[in-house]
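There are 4 protein chains.
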Amino acid sequence: MAKSKYEYVKKFERNDSLLPNTWLVIRVDGRGFHKFSDKHGFVKPNDQKALELMNKCAENVMNDFHDIVLAYGQSDEYSFVLKKECSLYDRRETKIVSTTVSLFTSNYVFNWNKYFPDKELLYPPSFDGRVVQYPDDNNLRDYLSWRQTDCHINNLYNTCFWALVHSGKTETEAENVLRGTVSSEKNELLYSQFNINYNKLPEMYRKGSVIIRQEAEINTINQKGIDVTRKKNIVTVSHEDIIRDEFWKKNNSKLGLKF
Amino acid sequence: MAKSKYEYVKKFERNDSLLPNTWLVIRVDGRGFHKFSDKHGFVKPNDQKALELMNKCAENVMNDFHDIVLAYGQSDEYSFVLKKECSLYDRRETKIVSTTVSLFTSNYVFNWNKYFPDKELLYPPSFDGRVVQYPDDNNLRDYLSWRQTDCHINNLYNTCFWALVHSGKTETEAENVLRGTVSSEKNELLYSQFNINYNKLPEMYRKGSVIIRQEAEINTINQKGIDVTRKKNIVTVSHEDIIRDEFWKKNNSKLGLKF
Amino acid sequence: MAKSKYEYVKKFERNDSLLPNTWLVIRVDGRGFHKFSDKHGFVKPNDQKALELMNKCAENVMNDFHDIVLAYGQSDEYSFVLKKECSLYDRRETKIVSTTVSLFTSNYVFNWNKYFPDKELLYPPSFDGRVVQYPDDNNLRDYLSWRQTDCHINNLYNTCFWALVHSGKTETEAENVLRGTVSSEKNELLYSQFNINYNKLPEMYRKGSVIIRQEAEINTINQKGIDVTRKKNIVTVSHEDIIRDEFWKKNNSKLGLKF
Amino acid sequence: MAKSKYEYVKKFERNDSLLPNTWLVIRVDGRGFHKFSDKHGFVKPNDQKALELMNKCAENVMNDFHDIVLAYGQSDEYSFVLKKECSLYDRRETKIVSTTVSLFTSNYVFNWNKYFPDKELLYPPSFDGRVVQYPDDNNLRDYLSWRQTDCHINNLYNTCFWALVHSGKTETEAENVLRGTVSSEKNELLYSQFNINYNKLPEMYRKGSVIIRQEAEINTINQKGIDVTRKKNIVTVSHEDIIRDEFWKKNNSKLGLKF
Numbered sequence: 001m002a003k004s005k006y007e008y009v010k011k012f013e014r015n016d017s018l019l020p021n022t023w024l025v026i027r028v029d030g031r032g033f034h035k036f037s038d039k040h041g042f043v044k045p046n047d048q049k050a051l052e053l054m055n056k057c058a059e060n061v062m063n064d065f066h067d068i069v070l071a072y073g074q075s076d077e078y079s080f081v082l083k084k085e086c087s088l089y090d091r092r093e094t095k096i097v098s099t100t101v102s103l104f105t106s107n108y109v110f111n112w113n114k115y116f117p118d119k120e121l122l123y124p125p126s127f128d129g130r131v132v133q134y135p136d137d138n139n140l141r142d143y144l145s146w147r148q149t150d151c152h153i154n155n156l157y158n159t160c161f162w163a164l165v166h167s168g169k170t171e172t173e174a175e176n177v178l179r180g181t182v183s184s185e186k187n188e189l190l191y192s193q194f195n196i197n198y199n200k201l202p203e204m205y206r207k208g209s210v211i212i213r214q215e216a217e218i219n220t221i222n223q224k225g226i227d228v229t230r231k232k233n234i235v236t237v238s239h240e241d242i243i244r245d246e247f248w249k250k251n252n253s254k255l256g257l258k259f
Numbered sequence: 001m002a003k004s005k006y007e008y009v010k011k012f013e014r015n016d017s018l019l020p021n022t023w024l025v026i027r028v029d030g031r032g033f034h035k036f037s038d039k040h041g042f043v044k045p046n047d048q049k050a051l052e053l054m055n056k057c058a059e060n061v062m063n064d065f066h067d068i069v070l071a072y073g074q075s076d077e078y079s080f081v082l083k084k085e086c087s088l089y090d091r092r093e094t095k096i097v098s099t100t101v102s103l104f105t106s107n108y109v110f111n112w113n114k115y116f117p118d119k120e121l122l123y124p125p126s127f128d129g130r131v132v133q134y135p136d137d138n139n140l141r142d143y144l145s146w147r148q149t150d151c152h153i154n155n156l157y158n159t160c161f162w163a164l165v166h167s168g169k170t171e172t173e174a175e176n177v178l179r180g181t182v183s184s185e186k187n188e189l190l191y192s193q194f195n196i197n198y199n200k201l202p203e204m205y206r207k208g209s210v211i212i213r214q215e216a217e218i219n220t221i222n223q224k225g226i227d228v229t230r231k232k233n234i235v236t237v238s239h240e241d242i243i244r245d246e247f248w249k250k251n252n253s254k255l256g257l258k259f
Numbered sequence: 001m002a003k004s005k006y007e008y009v010k011k012f013e014r015n016d017s018l019l020p021n022t023w024l025v026i027r028v029d030g031r032g033f034h035k036f037s038d039k040h041g042f043v044k045p046n047d048q049k050a051l052e053l054m055n056k057c058a059e060n061v062m063n064d065f066h067d068i069v070l071a072y073g074q075s076d077e078y079s080f081v082l083k084k085e086c087s088l089y090d091r092r093e094t095k096i097v098s099t100t101v102s103l104f105t106s107n108y109v110f111n112w113n114k115y116f117p118d119k120e121l122l123y124p125p126s127f128d129g130r131v132v133q134y135p136d137d138n139n140l141r142d143y144l145s146w147r148q149t150d151c152h153i154n155n156l157y158n159t160c161f162w163a164l165v166h167s168g169k170t171e172t173e174a175e176n177v178l179r180g181t182v183s184s185e186k187n188e189l190l191y192s193q194f195n196i197n198y199n200k201l202p203e204m205y206r207k208g209s210v211i212i213r214q215e216a217e218i219n220t221i222n223q224k225g226i227d228v229t230r231k232k233n234i235v236t237v238s239h240e241d242i243i244r245d246e247f248w249k250k251n252n253s254k255l256g257l258k259f
Numbered sequence: 001m002a003k004s005k006y007e008y009v010k011k012f013e014r015n016d017s018l019l020p021n022t023w024l025v026i027r028v029d030g031r032g033f034h035k036f037s038d039k040h041g042f043v044k045p046n047d048q049k050a051l052e053l054m055n056k057c058a059e060n061v062m063n064d065f066h067d068i069v070l071a072y073g074q075s076d077e078y079s080f081v082l083k084k085e086c087s088l089y090d091r092r093e094t095k096i097v098s099t100t101v102s103l104f105t106s107n108y109v110f111n112w113n114k115y116f117p118d119k120e121l122l123y124p125p126s127f128d129g130r131v132v133q134y135p136d137d138n139n140l141r142d143y144l145s146w147r148q149t150d151c152h153i154n155n156l157y158n159t160c161f162w163a164l165v166h167s168g169k170t171e172t173e174a175e176n177v178l179r180g181t182v183s184s185e186k187n188e189l190l191y192s193q194f195n196i197n198y199n200k201l202p203e204m205y206r207k208g209s210v211i212i213r214q215e216a217e218i219n220t221i222n223q224k225g226i227d228v229t230r231k232k233n234i235v236t237v238s239h240e241d242i243i244r245d246e247f248w249k250k251n252n253s254k255l256g257l258k259f
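Chains as they are written, first to last, in full-length UniProt numbering: chain G, 1 to 259; chain S, 1 to 259; chain R, 1 to 259; chain A, 1 to 259.
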């Protein structure tokens, strides 16, 4: 049983350490979530509980990996931003991405019942993951703008699409109505036909969810048994605009970005 | 909301396709499973139910990914062998590994209650994953021999260790007794002190679990409503020796190996 | 002058070791050789001296790197096959490819005068290089067949093209004549219009050049001053067919291939 | 002769594009230059002509690749800095490094006679190359500081070593004298024993060579046959300190750096 005789096979493992001093973005994506959301009767175009479950998973991932400074989620995807100096697992790509995806997935199944107490999970859902390196603060910010723009474009389309379908159109008819329309026409359609003011819809649907650590005051009892208030960084979900400057002006220094 | 303005950030994604015509081995490993098994009161040195849950997860991964021709598991790890011609996700490394790990994890949490109906899952477990490429059938077989040898060495050690601890020794005392002992001495210790014949212990503990597709006869009802027997390939768990030639002689052609 | 303060920059170097146990093929290609051959008045379609210079460079590269078991060249390119077990520079990709290309280039300029004693080298030529990994003997052989087929197709075309041009056609007219013709038509054109039997043209032009080490008897004087004959492996150029089985049957065992 | 039958082998080529928006540094290093400099009787510790030949090669590489904004050389090595936005060869690593090394090597052999008219080149020299990516301007500057510090440390040592050897010491004796000495002791040794003021030695030896494009006025004759003065960017060698701020203050904007 000479173990050493076989151990040479370890030499086939590749060193896949990522470049130092770059922002790392891990994006987790639902695998086959179109079918998954159908089977589980998710509300269309947005299922609030399903989005809150995604946020919960992301919060727990952030609580486990302290090098994640920001997470942004929409629909069935979540992006995690690891700070430039991150040395987690020696920056080994597959180690980082596989662990993150696993933790996210695990939380999704584990917490399902809390968000859908009356709905049985019919089969185990899964996610894929990827890592992208961004050398520059501007590249990182543009990445996040790209995802939030994607959220906006898809959500506006889906809101129209499902309004049409819920009003009696077939899916094909709804597609035909929307083909070639620009944003202003979609807004107009929602307002004139369905009396929906798109900008009044919940921000979580229109802008997705941003999670960063915010300082909060925590009431606790100290070692002497006395009530005290302590400041602590808590992962906090909001639904802000992360394309415009305002968010970044507020949070740059905290996140380690230079603009 | 010019999406195109930001889309350049996609160019930072790396093409990580693996080399064609090599065996791909994905190994999934429990993350922090020492603590996890303690917290959940796993029987030591082997918890039958926990191992069966691992096997269940691996079976479901194989049922989802048809390019996996063989899986081998022991302790809190599982290796999946994808055939050389596998073109799953264009052989993109992080896509393959992240999806596999996610599916494995999801099954673990999803099926927990079936294997531990009386034990609550206290927190979401996670796994990491890696991919190794093996150009040659012999390299692949040596990889599997390496893992099964590892299973044997660890299990023999752990069986002694826990026998000593269960008999009243501290963990440190048990370690001291075992330090420097060879296999024959450990076998002797089990037999003389604890009346345990190591070779009579369950094969799943001593050899781990091998999963391949085996042809099986399935009784079913055909379109005319008549009972028929059909042959079908079913993923099947066994606990065979995969170091010696016998297993390979039996299964080579099925697995696409040349020896 | 704290050196250590800056040495962290070495961490940005990537480990680019290639997979063990795969054939490595380095292909060196002339950069801008269309212009280079024009400026230096190379005979068209084939300049014997220029091809011999390429062969000389390849021989010297093989004499320097003993892990190269075979080289194949045609036109302004040369492919070098490193044996599977090659551990040159720990199989680091850029180290291997850069050194090989450098040595090839250096030999080209260094030996120019020997092949073109009456022709001044007008400016320094350059080459690029790449490495491809082949896990399987058949993949490697197919690679070489691909290059020799390329040689055949290009040479047949060029032989026709330049025969037409030398006979007074413009380059555009020659292209038009050849557009859409198959091999047999090109052979016929050469024979009927120019009385050229393509298969009688020099093998170096039609098949390119293959270099392997062949055992040869070397006459030398031993330490006692006596004439002796020693067997030695000498890099040897030939112009054989490497697509058909014959070459491989003769040389398989020597090259470490299994067919 | 079905070419397509074999063309699948191209699929084994890996896409090795480097990350966008990072500084790329290519370092070219002499291979076996200790022996090469001995065989060709280079003056020790510094051969002015050999260094000038290196500079000439680097200038020509810069004239060929316009994306190189700065080059730094010392001893038998040269580093080339490609600007962040460089899209040369789609940033493919082996293509970039192999071409650069080839061009450098070619120039070395091609120009040998101009620098050593009385010295025959005995055999073809070669160089290796590597690429390193630097995401940040500070990382890049630290890289260059690292190389210039290396130049200083080695040159001070070598100046002492060869002064001792030229004065009659064996190489081993010289090593023993210098073991454990710090910079100030080496300076003192040169001054007291050999009357050498280290800081008065040629800057090229002490600081290496920096090449950037400088605007120069070129006298030329225009299309009307009239003498005119035109401004043009010309690659220019100097021997400045590139560790201190001064050089960067002068050249930052030109080089595209932000400090």
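Check the hints yourself; a few may be wrong.
Identical copies look the same in the list; a pair holds intra-copy or inter-copy alike.
Said to hold, decoys possible - Once the Cα atoms are required to be at most 25 Å apart in a straight line, the calculated SDA-like pairs of lysine to any residue come out as:
{"no.": "1", "residue 1": "Lys254", "residue 2": "Asp64"}
{"no.": "2", "residue 1": "Lys114", "residue 2": "Arg91"}
{"no.": "3", "residue 1": "Lys10", "residue 2": "Met62"}
{"no.": "4", "residue 1": "Lys224", "residue 2": "Glu175"}
{"no.": "5", "residue 1": "Lys169", "residue 2": "Ser184"}
{"no.": "6", "residue 1": "Lys232", "residue 2": "Leu201"}
{"no.": "7", "residue 1": "Lys114", "residue 2": "Asn138"}
{"no.": "8", "residue 1": "Lys10", "residue 2": "Lys258"}
{"no.": "9", "residue 1": "Lys83", "residue 2": "Ser17"}
{"no.": "10", "residue 1": "Lys83", "residue 2": "Phe33"}
{"no.": "11", "residue 1": "Lys186", "residue 2": "Glu175"}
{"no.": "12", "residue 1": "Lys49", "residue 2": "Asp142"}
{"no.": "13", "residue 1": "Lys5", "residue 2": "Glu203"}
{"no.": "14", "residue 1": "Lys254", "residue 2": "Glu59"}
{"no.": "15", "residue 1": "Lys207", "residue 2": "Lys250"}
{"no.": "16", "residue 1": "Lys56", "residue 2": "Asn233"}
{"no.": "17", "residue 1": "Lys44", "residue 2": "Val182"}
If you're looking for bench data, these hints aren't it; they were derived computationally from the structure.
Hint check results:
For the identical chains of this complex, lysine 254 and aspartate 64 are intra-copy neighbours only, at 19 Å inside a copy versus 43 Å across copies, given an alpha-carbon limit of 25 Å. Taking the shortest alpha-carbon separations for lysine 114 and arginine 91, neither the intra-copy value of 34 Å nor the inter-copy value of 37 Å comes in at or below 25 Å. In the homo-oligomer, the alpha carbons of lysine 10 and methionine 62 lie at most 25 Å apart only across protomers (24 Å), although the nearest pairing inside one protomer, at 32 Å, exceeds that limit. For the homomeric pair lysine 224 and glutamate 175, neither the shortest alpha-carbon distance inside one copy (66 Å) nor that between copies (41 Å) is at most 25 Å.
In this homomeric assembly, lysine 169 and serine 184 come within 25 Å of each other (Cα to Cα) only inside a single copy, at 21 Å, whereas the closest approach across copies is 62 Å. Taking identical chains as interchangeable, the C-alpha atoms of lysine 232 and leucine 201 are never at most 25 Å apart, the minima being 32 Å within one chain and 52 Å between chains. When the C-alpha separation of lysine 114 and asparagine 138 is checked against a cutoff of 25 Å, the pair qualifies neither within a copy, at 38 Å, nor between copies, at 48 Å. In this homomeric assembly, lysine 10 and lysine 258 come within 25 Å of each other (Cα to Cα) only across copies, at 22 Å, whereas the closest approach inside a single copy is 41 Å.
In this assembly of identical chains, the alpha carbons of lysine 83 and serine 17 lie at most 25 Å apart whether taken from the same copy (15 Å) or from different copies (24 Å). Taking the shortest Cα distances, lysine 83 and phenylalanine 33 never come within 25 Å of each other, neither inside one copy (29 Å) nor across copies (27 Å). Proximity of lysine 186 and glutamate 175 under a CA criterion of 25 Å is satisfied intra-copy only: 12 Å inside one chain copy versus 55 Å between copies. Neither within a single protomer nor between protomers do lysine 49 and aspartate 142 lie at most 25 Å apart by alpha-carbon distance, with minima of 29 Å and 48 Å respectively.
Proximity of lysine 5 to glutamate 203 under the C-alpha cut-off of 25 Å is restricted to the inter-copy arrangement: shortest distance 23 Å between copies versus 60 Å within a copy. Proximity of lysine 254 to glutamate 59 under the C-alpha cut-off of 25 Å is restricted to the intra-copy arrangement: shortest distance 18 Å within a copy versus 45 Å between copies. Taking the closest pair of Cα atoms, lysine 207 and lysine 250 come within 25 Å of each other only inside a single copy of the chain (18 Å); across copies the shortest separation is 45 Å, beyond that limit. Proximity of lysine 56 and asparagine 233 under a CA criterion of 25 Å is satisfied intra-copy only: 17 Å inside one chain copy versus 40 Å between copies.
Taking identical chains as interchangeable, the C-alpha atoms of lysine 44 and valine 182 lie at most 25 Å apart only when both belong to the same chain, with a minimum of 21 Å there against 59 Å between chains.
The structure fails hints 2, 4, 6, 7, 10, 12 (numbered hints given earlier, in ascending order).
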